[in-house]
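*Asks:* If you want the building blocks of each chain, they are given just below.
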Amino acid sequence: MPVVEWLHALEQTRISEVVRESAFPYIEGTHVLGLSLSVGMIAWVDLRLVGATMRTRPVSEVYESVQGWMLAGFCLMFVTGALLFVAHATKAYESVFFRAKVAFLLLAGINALIFHWTVNHRTTSWNDAPVPPTAARMAGLTSLVLWLSVIAAGRLFAYDL
Amino acid sequence: MVWSALQPVVNWLGGSALGVWLGQSPTRIAILFVVHLTGLTLLLGGTIVMSLGLAGVGFRSGSSAQLAREIGPWRMAGLALAIISGFLIFTGGALTYFEGQWFRRKMTLLLIAVIFNFSWFRTVTNAPDGRFGPWARRLTAGVSLLLWFGVGVSGRAIAFF
Numbered sequence: 001m002p003v004v005e006w007l008h009a010l011e012q013t014r015i016s017e018v019v020r021e022s023a024f025p026y027i028e029g030t031h032v033l034g035l036s037l038s039v040g041m042i043a044w045v046d047l048r049l050v051g052a053t054m055r056t057r058p059v060s061e062v063y064e065s066v067q068g069w070m071l072a073g074f075c076l077m078f079v080t081g082a083l084l085f086v087a088h089a090t091k092a093y094e095s096v097f098f099r100a101k102v103a104f105l106l107l108a109g110i111n112a113l114i115f116h117w118t119v120n121h122r123t124t125s126w127n128d129a130p131v132p133p134t135a136a137r138m139a140g141l142t143s144l145v146l147w148l149s150v151i152a153a154g155r156l157f158a159y160d161l
Numbered sequence: 162m163v164w165s166a167l168q169p170v171v172n173w174l175g176g177s178a179l180g181v182w183l184g185q186s187p188t189r190i191a192i193l194f195v196v197h198l199t200g201l202t203l204l205l206g207g208t209i210v211m212s213l214g215l216a217g218v219g220f221r222s223g224s225s226a227q228l229a230r231e232i233g234p235w236r237m238a239g240l241a242l243a244i245i246s247g248f249l250i251f252t253g254g255a256l257t258y259f260e261g262q263w264f265r266r267k268m269t270l271l272l273i274a275v276i277f278n279f280s281w282f283r284t285v286t287n288a289p290d291g292r293f294g295p296w297a298r299r300l301t302a303g304v305s306l307l308l309w310f311g312v313g314v315s316g317r318a319i320a321f322f
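So the sequence lines, in the order shown, correspond to chains A and B. With our numbering applied, the first sequence closes on residue 161, and no number is skipped along the way. With our numbering applied, the second sequence closes on residue 322, and no number is skipped along the way.
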């Protein structure tokens with residue numbers, strides 16, 4: 001079955017109907033304010049990696065302080081985002097902004113995974129360095145730019161709805 | 162009432178060249194919303210981190226005053242972005258926004274949040290350790306979170322109710 005037909009079927013489901021017709025403001029509101037816990041938390045790790053803030057704190061301390069909130073935030077974003085998608089699946093699929101958002105999300109995820117696999121915050125030699133080495137700063141900057149792009153594409157997509 | 166006293170200013174703003182220019186173009190408003198959300202992310206993310214510091218959750222090295230010095234400028238930059246973009250968004254649809262009850266609630270809460278922030282919240286976060294007990298600090302953190310998230314929630318409500 002082609003994707004568009006499958007998405008049409010998705011929009012016929014009860015859950016899609018409920019989100020579209022009554023729950024949308026609450027789910028969308030949660031998705032927007034969830035920015036504070038997701039991007040709003042990872043941004044501090046990124047800014048620390050760039051060397052722009054909290055230079056006297058170990059990178060591991062910043063990461064561990066926000067980790068739990070950040071993971072909860074990204075789970076919240078994923079669940080509310082999935083529900084919003086189900087409500088307007090076809091429009092989302094056809095929107096260039098939605099496609100850009102998914103692409104930026106994937107890139108941000110890949111950037112985070114590479115960083116996670118190659119660096120162990122606790123044991124790394126630059127954990128206490130006020131300004132981490134170039135590779136780490138690039139990872140932080142890349143993450144900041146990608147998450148800003150996710151926000152921008154997401155907000156512009158909402159204009160298409 | 163205070164609101165009716167502001168009506169002439171709102172009329173002037175909405176009819177000004179800037180107001181007309183912004184109101185003409187959904188694209189201009191969409192870009193301003195991206196800036197608004199970026200500001201929100203920094204402001205609310207920063208509020209969460211400063212509240213965690215006040216409540217003694219995470220960020221173990223250094224005092225809450227030190228954390229406030231590190232996070233504060235970014236958080237204020239977020240507030241500035243949100244206020245400037247918010248003012249411009251308002252200008253692009255001044256008369257309609259001004260009539261909305263959620264807009265008025267949002268502005269009232271924003272005023273309370275700003276006053277609380279620069280009086281009590283600042284006093285407690287900048288106080289030397291031990292000056293305020295753990296419960297006073299937690300309560301301050303909780304009130305701050307409620308106020309700033311209240312601003313966010315009522316902001317989202319403008320779009321829907």
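Just so you know, these hints were derived from the structure itself, not from any lab. Values in this document were obtained by computation on a predicted structure and should not be read as measured data. Do not rely on the hints blindly, as some may be mistaken.
Below are the SDA-like pairs computed for lysine to any residue, each with C-alpha atoms no more than 25 Å apart in a straight line [stated by the list, open to error]:
#, chain 1, residue 1, chain 2, residue 2
1, A, 91, B, 319
2, A, 91, A, 115
3, A, 91, B, 188
4, A, 91, B, 289
Stretch by stretch, here's where chain A covers chain B in the computed footprint (C-beta under 8 Å, at least three residues) [claimed, not checked]:
#, region
5, 176-187
6, 199-205
7, 229-242
8, 308-315
Some chain B residues close to chain A (C-beta under 10 Å, calculated; not the full set) [said to hold, decoys possible]:
#, residue
9, 190
10, 194
11, 209
12, 271
13, 273
14, 318
15, 320
16, 322
For glycine and all other residues, C-beta sits at the position ideal for the given N, C-alpha and C.
*Asks:* Just to be careful: measuring from the Cβ of residue 273 of chain B to every Cβ in chain A, is the smallest value less than 10 Å?
*Replies:* It is violated, given that the least Cβ distance between residue 273 of chain B and chain A is near 18 Å, above 10 Å.
*Asks:* Have a go at the residue 194 of chain B hint: is there a Cβ in chain A nearer than 10 Å to its own Cβ?
*Replies:* holds (5 Å)
*Asks:* Under 10 Å, Cβ to Cβ, is where residue 320 of chain B needs to be relative to chain A, so tell me if that hint holds or is violated.
*Replies:* holds (8 Å)
*Asks:* Against chain A, run the beta carbon of residue 322 of chain B and see if the smallest gap drops under 10 Å.
*Replies:* holds (7 Å)
*Asks:* Taken at face value, is the distance from the CA of residue 115 of chain A to the CA of residue 91 of chain A at most 25 Å?
*Replies:* violated (34 Å)
*Asks:* Identify whether the interface hint at residue 318 of chain B stands, where standing means a beta carbon of chain A within less than 10 Å of its own.
*Replies:* This interface hint holds because 7 Å falls under the 10 Å limit.
*Asks:* Given the hint that residue 91 of chain A pairs with residue 319 of chain B, does the C-alpha gap stay at or below 25 Å?
*Replies:* holds (24 Å)
*Asks:* Tell me if the straight-line CA distance from residue 91 of chain A to residue 289 of chain B falls inside 25 Å.
*Replies:* It is violated: about 54 Å lies between the C-alpha atoms, which goes past 25 Å.
*Asks:* With a cut-off of 10 Å, does the beta carbon of residue 190 of chain B approach a beta carbon of chain A closely enough for the hint to hold?
*Replies:* holds (9 Å)
*Asks:* Are there three or more residues in the region 176-187 of chain B whose C-beta lies closer than 8 Å to some C-beta of chain A?
*Replies:* violated (count 1)
*Asks:* With a Cβ-Cβ cutoff of 8 Å, does the region 199-205 of chain B contain at least three residues near chain A?
*Replies:* holds (count 5)
*Asks:* Quick one, is the residue 271 of chain B hint okay against chain A at 10 Å, beta carbons?
*Replies:* Since the shortest Cβ distance to chain A is 15 Å, the answer is violated.
Comparing the model with each earlier hint shows violations of hints 2, 4, 5, 12, 13; every other hint is respected.
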